[in-house]
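Asker: Chains as they are written, first to last, in numbering that gives the first Met the number 0: chain A, 0 to 136; chain B, 0 to 191.
Hints in this document: simulated from the structure, not taken from any laboratory.
Note that the structure is predicted; figures quoted are calculated from it, not measured.
Incorrect hints may have been included.
[Claimed, not checked] Below 30 Å or equal to it, Euclidean Cα-Cα: the simulated DSS-like pairs (lysine-lysine) are:
(1) A:Lys65 to B:Lys83
(2) B:Lys7 to A:Lys65
(3) A:Lys1 to A:Lys65
(4) B:Lys7 to B:Lys79
(5) A:Lys1 to B:Lys83
(6) B:Lys11 to B:Lys82
(7) B:Lys79 to A:Lys65
(8) A:Lys64 to B:Lys82
(9) B:Lys79 to B:Lys11
(10) A:Lys1 to A:Lys64
(11) B:Lys79 to A:Lys64
(12) A:Lys1 to B:Lys79
(13) A:Lys34 to B:Lys7
(14) B:Lys7 to B:Lys83
(15) B:Lys11 to A:Lys64
(16) B:Lys7 to B:Lys82
(17) B:Lys83 to B:Lys11
(18) A:Lys1 to B:Lys7
(19) A:Lys1 to B:Lys11
(20) B:Lys82 to A:Lys1
[Said to hold, decoys possible] Residues from chain B that keep clear of chain A, each with C-beta distances beyond 12 Å, as calculated:
(21) Thr33
(22) Ser43
(23) Trp117
(24) Met145
(25) Leu152
(26) Ser157
Where a beta carbon is used, it is the ideal one built from N, C-alpha and C, also for glycine.
One-letter residues, chain by chain:
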Amino acid sequence: MKATLRSYITGFVLSIVLTLVAYALVQDHVNSGHKNYSHDFIIAVLIGLALIQFIVQAIYFLHLKKKGDARWNLLAFLFMSGVVIVVVIGSLWIMANLDYHHDQTKDPKETSNYIIEDELPSQQETTDQTKSEHPSH
Amino acid sequence: MTTTVLDKNSQKTIFGFWIYIMTDCVLFASLFATFMILRNNTNSGPDSAELFSLPFVLTETLILLTSSFTCGLAMLAAHKGDKKRVGAWLAITLLLGLAFLSMELYEFGNLVAEGHDWQASAFLSAFFTLVGTHGLHITAGLIWIMLLIWRILRTGISNVNLRRLTMLSLFWHFLDIVWIFIFTIVYMIGAL
Numbered sequence: 000m001k002a003t004l005r006s007y008i009t010g011f012v013l014s015i016v017l018t019l020v021a022y023a024l025v026q027d028h029v030n031s032g033h034k035n036y037s038h039d040f041i042i043a044v045l046i047g048l049a050l051i052q053f054i055v056q057a058i059y060f061l062h063l064k065k066k067g068d069a070r071w072n073l074l075a076f077l078f079m080s081g082v083v084i085v086v087v088i089g090s091l092w093i094m095a096n097l098d099y100h101h102d103q104t105k106d107p108k109e110t111s112n113y114i115i116e117d118e119l120p121s122q123q124e125t126t127d128q129t130k131s132e133h134p135s136h
Numbered sequence: 000m001t002t003t004v005l006d007k008n009s010q011k012t013i014f015g016f017w018i019y020i021m022t023d024c025v026l027f028a029s030l031f032a033t034f035m036i037l038r039n040n041t042n043s044g045p046d047s048a049e050l051f052s053l054p055f056v057l058t059e060t061l062i063l064l065t066s067s068f069t070c071g072l073a074m075l076a077a078h079k080g081d082k083k084r085v086g087a088w089l090a091i092t093l094l095l096g097l098a099f100l101s102m103e104l105y106e107f108g109n110l111v112a113e114g115h116d117w118q119a120s121a122f123l124s125a126f127f128t129l130v131g132t133h134g135l136h137i138t139a140g141l142i143w144i145m146l147l148i149w150r151i152l153r154t155g156i157s158n159v160n161l162r163r164l165t166m167l168s169l170f171w172h173f174l175d176i177v178w179i180f181i182f183t184i185v186y187m188i189g190a191l
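The shape of chain A in the complex, shown without the other chains (with noise of 0.2 Å):
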């Protein structure tokens, strides 16, 4: 997309359009009592909306493009966003599995299905206590 005054008007009103779009919905969404969607849909039709607005405002203001010099523009974006997705999709992934294993409110009868025999939270309760009874001198 070159660099014209029609260009920048329509990323101008597209960008409006769907910054709107996202406020409309979480507005709704809230009034209704988080009633009106599913949380997981909203989120995920956010998400969508802002990627959107990403790849129009690349193009329309960036001006990204394939062809010409802008072309190394592009590899470099390209790769820049390959990082980016490992980053943080990496994070959340590493995490969450991390806060499965440490999900205290689980029912702690299920513990023993994941957690290593002699780590169980009751006998280090008990361990706790002992301690605590007899405080080093």
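Use these hints to put chain B onto chain A, whose structure you have.
Answerer: Then chain B, alone, in the frame of chain A:
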């Protein structure tokens, strides 16, 4: 009316600046990841749904978006060699940017005054780091715009000034793109 085109050397400089922006994206990505992981660790304090005002954030967003647009218009005027229009559009961009920054600082000030500062919880630490880093970039951009208006009004749209303006507009559009994600991830999803 003369048309100003960048020479080969300036294009290389701009490509270098583009690489810097890409590395800045990685910086923001790690801050976003940190925020998303810590967002629910509120230390029994209020979460984002209780703390943030949605209409206030929408106004901020539209102001920054408009400033990104006027920055593009300054770029167009520069390619036409229209010095006064470049100055005017940049001045409007500067004012909108200042309005945005004032609103952000007002929000920060309110949060801190109510005791919800960055030491209150992991969630707020991550929030202030992410949004504050964006605000620092905006501050740097505003100083840059001021200097560039002064340079362009004094020495006209020379090759050097056109190169500076091209890099500035890349930087400013980039900050608006980062804000789309702050708007969505911190404020919109936070309000759910």
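Asker: Taking each numbered hint in turn, which are not upheld by the structure, reported in ascending numerical order?
Answerer: 1, 13 and 21
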